[in-house]
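These protein sequence lines map, in sequence, to chains D and S.
Residues 1 to 85 (the working numbering) make up the first sequence, in order.
Residues 1001 to 1190 (the working numbering) make up the second sequence, in order.
Honestly, I wouldn't trust all of these hints.
Here are the computed distance ranges between Cβ atoms for each label pair [stated by the list, open to error]:
(1) Val18/D with Cys1017/S: 25 to 35 Å
(2) Tyr1004/S with Ser43/D: 34 to 44 Å
(3) Ile1003/S with Val18/D: 16 to 26 Å
Covered stretches of chain D, as calculated for chain S (at least 3 residues, CB under 8 Å) [said to hold, decoys possible]:
(4) 19–31
(5) 40–46
(6) 78–85
I should point out that these hints are in silico values taken from the structure, not numbers from a laboratory.
None of these values were measured; they are calculated from a predicted model.
Note that the Cβ used here is the ideal one computed from N, Cα and C, for glycine as well.
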Amino acid sequence: MDSQQREMLRRLQALEFVLTDLNLYLDTHPDCQAALQDFARISEDLRQLKIAYEQRYGLLTVAGFGSGRSPWNWVETPWPWEIDG
Amino acid sequence: MWIYEKKLQHPVRVEKCDIAMARYLNAQYGGPDSELAASLRYLNQRYSMPTKKAKGLLTDIGTEELAHLEIIATLIYKLTKGVSPEQLRAAGLGGHYAHHDNALFYTDANGVPWTAAYIQATGDPVADLTEDMAAEQKARATYEHLINLTDDPGVKDALRFLREREVVHFQRFGEALNDVQDHLSYKRFY
Ligand SMILES: [Fe+2]
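Only chain S is shown next, with the shape it has when bound in the complex (with noise of 0.2 Å):
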């Protein structure tokens, strides 16, 4: 089960609205290496782990997650809020406004809909943790390419804090993996 804390893992802060740079974040919050990927891939091969470390990593990984998706989201809302069609449309986001209005949408960058044919799940853990070492590294470069397209100094920090919970994720991923690895080849051999 999860319990919601009414607070951010980061504290948001945007100086003024940005419709594009919002537009932008959406490679975040529904593209293929968003935090949405990231925590249902996660949350969903957590079950097919060998080990304790495994499955627990998965778990508070998945969890953490939904917390970035959470300070995403809170930077694509504050970006846009109460701005007009024309505005939207100004800014390329005339067909978000035709199907969501000025509501949030799992979309990429472009306005892809997420789908869960981004992630998988093998049932192999040495596959399936080498695809979540993937995915940590595919959201850093994101990361990178986001704080690129910005000079708001408050969504240059969110993006930056997010940045290095990405390369802390993938560094546990690895000692997860190795002791995956050690532990299938000690079943082999014993």
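Just chain D, with the same shape it has in the complex (with noise of 0.2 Å):
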């Protein structure tokens, strides 16, 4: 993996997270505005960052951008206990 796919794995694994931490504060505070601001933002720009990088990189999910290609390509990319960090 080289160093610009990486930067952007990171990113991805960080709001990505962001958006995990802000489920759970939401499922026990539901009504939390700035929560649902902040969880409707980062999940566009996660959305957004998830098709530029399996444009560039190959499918995060079996189901996301550019899937169903010959050959079949969601088992084409290294694992992720297969990668350098």
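With the hints as a guide, bring both chains together as one complex.
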């Protein structure tokens, strides 16, 4: 994995992590407007970033951007334990 | 249902092979307070929860624990990648090799296989959420022990991240417990 991909993956992990944390927070604070706004904004940023990442480096989910191409591209890229973090 | 995402929740880098540390990390792979135990406990308890908050939280934390299980597995995999039977034997993992070769397996740090007897579902939401809070504290304490057992900066970084998540989960379960208690007392009085 080159440094550009690693940087993009890190950014993706960071955004998704913020969403996960907000998700749990909102489960017990469903009326918090500030958290709801953050959630909406970050989930949109993440959506864009995922499309850009999948276009360049391959699928994150089996039905992600550009899935179903030949050869079956889901299994082509390395698995999380195979990459150098 | 669940959808798999081909990435870790948090990056994992290890500096060099460390079989002994991989063995200790099994505490959080298949031990009593492991990520496996946490995930299976929460995803099973959610069916008998009375409130929206508790059902949501057990689903979402149970899912996050699976991502943590994958981080622990990746650490163990990387720390033992390509080691020989002799090296495993020298690190006290000859027994593991006899049963599992270089495969990962759900045991604790001493090789004891995971068992459902580690977890409970009483059907009583107060009892179950209180167990969940204790489980988060036990996992946090285990992570602190594991952090003390390594000087690999990459391993420490991943373990610190996981430790921090247990603190957050404990906080959220406490909030869900308050909500369940309000719900139960409301039912009693009206
Ligand atoms: Fe947790």
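Here is what the structure says about each hint:
Separation of Val18/D from Cys1017/S is about 33 Å and conforms to the stated range, judged on CB atoms against 25 to 35 Å. In this structure the supplied range 34 to 44 Å is violated for Tyr1004/S paired with Ser43/D, their Cβ-Cβ distance being about 19 Å. Evaluation of the 16 to 26 Å hint for Ile1003/S and Val18/D yields a pass: the beta carbon distance comes to about 19 Å. For the stretch 19–31 of chain D, the assignment as covered by chain S holds, since 9 residues bring a beta-carbon within under 8 Å of that chain's beta-carbons and 3 suffice.
Residues of the stretch 40–46 of chain D lying with their CB closer than 8 Å to a CB of chain S number 0, which falls below the three-residue condition for coverage. Residues of the stretch 78–85 of chain D lying with their CB closer than 8 Å to a CB of chain S number 5, which satisfies the three-residue condition for coverage.
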